[in-house]
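S.K.: Using the sequences and the accompanying hints, generate a full structural model.
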Amino acid sequence: MNEPAEHADGVVAVVEAGPIRYPLSAGATVRIGRDPGSDIVVNHPLASRRHAQVSADHSGTVLVRDLGSANGSFAAGRRVSEAAVAANMVLNLGAVDGPAVTITRTVVPAGAPGQAPDAGAKVDSIIPLAAPRFGADTPGGPTALGPLNPVTAAGTGAVGVVRDAAAGEGSGETVLVTADRVARGESITIGRAPSNTIVLDDPLVSRHHARLTGSPQDGYRVEDLSSLNGVQINGHPAPSGSIFRAGDRLGVGRTTLLISDGRIITPEPAQTALIADELGFAITSHRKRKVLLDQVSFQVHVGSLVAVIGPSGAGKSTLLRAITGSQPATSGRVIYRGADLYENFANLRQRIGVVPQDDVVHRRLTVRKALRYAAQLRLPADYDAQAREHEVNRVIDDLGLTEHADTLISRISGGQRKRVSVALELLTQPELLLLDEPTSGLDPGMDKSVMELLRAQADGGRAVLVVTHSTDNLSLCDQVLILAPGGGVAYFGPPSDVLAYFGAPRYAEVFQSLSDDPARHINRYRQLYPSTPVPAPSPSPGMAKPPLQRRGRQWRTLISRQLAVIASDRSYAVSTLLLPVIVGLMALAIPGDGGFGVPGPDNPGEPNQLLVIIIVGAGFMGMAATIRELIGERAIFLRERAVGLSPVIYTGAKIFVLFILTLIQSALLVSVVRIGKTGPQEGIWTDGTIELAIAAFGTAFASGMIGLLLSAVVTSSEQTMPALVIAVMAQLVLCGGLIEVTGRTVMETVAAIAPSRWGYGQASATIDLRQLNPQVADDALWEHATGAWSHGLIGLAAISVVAGILTLVRLTRQRSSV
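Heads up: the sequence shown is residues 1 to 818, going by the numbering used here.
Ranges between beta-carbon positions, derived for each pair: (1) I794 - P591: 33 to 41 Å; (2) L499 - H286: 38 to 46 Å; (3) E389 - H286: 49 to 57 Å.
These are computed hints drawn from the structure, not numbers from a lab. Just so we're clear, the structure is a prediction, and the values are computed from it rather than from any experiment. Backbone N, C-alpha and C fix where the C-beta goes; we use that ideal spot for every residue, glycine too.
M.R.: In structure tokens form, the structure reads like this:
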């Protein structure tokens, strides 16, 4: 046998993983990892997205190199970063007993210089892959093959992508079940669990999704294994018992299965991820029509990074809203994977990741905790804790956040926070990623870091579109879309040709020219590149709907997350508990020894003064707890609602936490006051002190509900402080203990919406204020009777219910900026 060096341009080694055998030619590289864009896809928790590579130089030397994986690569029981392969090697990924990749040196007659082996020239049944993959440094743009589907062949739990040698060059077929296995007549199971025959690493696929029984000749009987999303045949739901025959398209999650030559295969995914077809957007006000988008057409291919730039007022944000579906275009179409986005928005929303300009993360959580809560909200219900943790670790590893995983988000840099926002979207493995000004406010170094991150995401098989004002790193993009004021396309093409196209030395001159004469540039582009007809989208694409989250899980997750946010900010948590103590100590400053009993002659107004402090203080506590709650996480709510969060559950979780918080605060407040003041002689229903605590709690809770409503109405956090001051002062005036309200029609009407009015009435009825201090007004709500006390309770409940409904309506009607 000759030495490998004598066949420098032929196959010098074979790389095997499970049933997959990959021929390694001199001068070639085989990339191994969990990324669907890898040459050999290893679908295993121990494997990183880009784990290792095997390369051969033209002298015949074969090297194995670890690509900085999280868990390392091992050979002969030792961790290796780089090693030469002499005869053969078994490389274990992630652990000494991790998934095995075997590299065997071999000798094959050399093929044409610089080319991979011919598809028909098999070496010991080696299944060669298609053409080399496109990378960031490959000229000419993406190849026609694009990314591969994340599937695992034959239930090995190791490898997930095979290309059929008999299919011919560029066929792009991925064999999921080979003909010999089909011939044995075994049932074929499909799902996310490694034990299935066909493993699909897809959140839209259940752990055990479906079973196929029968044969390709007679057709397979499809059995739905109680999956979350079901299966489709030719775009229509396929209940158990349906028949899958040759010529049919079986849809499981995002994967389409076909029967071909006795095998089960999946075709190469479409290379055009997104088509904007003659998009227009116009608004009419006061009989004037303003055009924000004007016949915008372009395409985004799989594996490409497209930047949208242009002067202010060019319609960049409007275009992004039209593409995401948050503000549909008034004319034209958005076609995603052959389907009309607007008509199939419910089905497509989780296939599209959207990163708005504002960070959609809770800064008071650590990176890992924020991702864990997001995983609980976004991933299907059949993802158990271990599976969710695996996905969290995957995105932490993929986005280079490992060293920051347990750091509070408030303490990491702006660029790292943007990575966390991207990580949230990648949990559901979207095929299209859209970003609005991700580098806004970042320094040049962070700007480059974020753009390199997006370049890596595109190279991993996603289509990425980013709206940006920065032009420093456009060379990392495949295409640049330039919009002129008025919303028309002025250029769409490679970034390297932009300046020559406009005849300008810098982008500043390009933008100035666009602003000076936008119509000329728009018309020039349309004359040079007239739009071509776009095929009509499929009326029934058969795409799986996103899994509906269980309301119970959403409820528990939101409550747990909010409590974690409160607990993680120690100063906020301490101040929340100290506030009722401080208010209670203020009440103790009121002179007198009578407390809530008969006042002494030195201060006959002591009881009503104590009630004013307690009730108005309770109102302040409740409103302070919620006035910033909704406006502070509006961007987070809008994004989570877009991927399935129920506004009812969200509002209910906020109310539940408010209930617990105000209950604790009210108990502390009354307890502190009772330490230094005598309690009521007797209550109406039960102990007078308990009734006082109930009145304080009702006032705090109802005030907190008003605070939630104000937080939903305001448009910025800066508006909350004036609203809080005005609301608290109004409650002080309208409670009735400071200024007489009863008998004054206007005051009584306005006071009806103030929680302090009803809470003060309850407390006054409990201590029988009219009896203790005859000088006070003869207010019917203060009567020491069951009816008066109940009226106060009903009033507080009514305010809480109305405020809750209005808050929910407001949240439901809010629209995302992207």
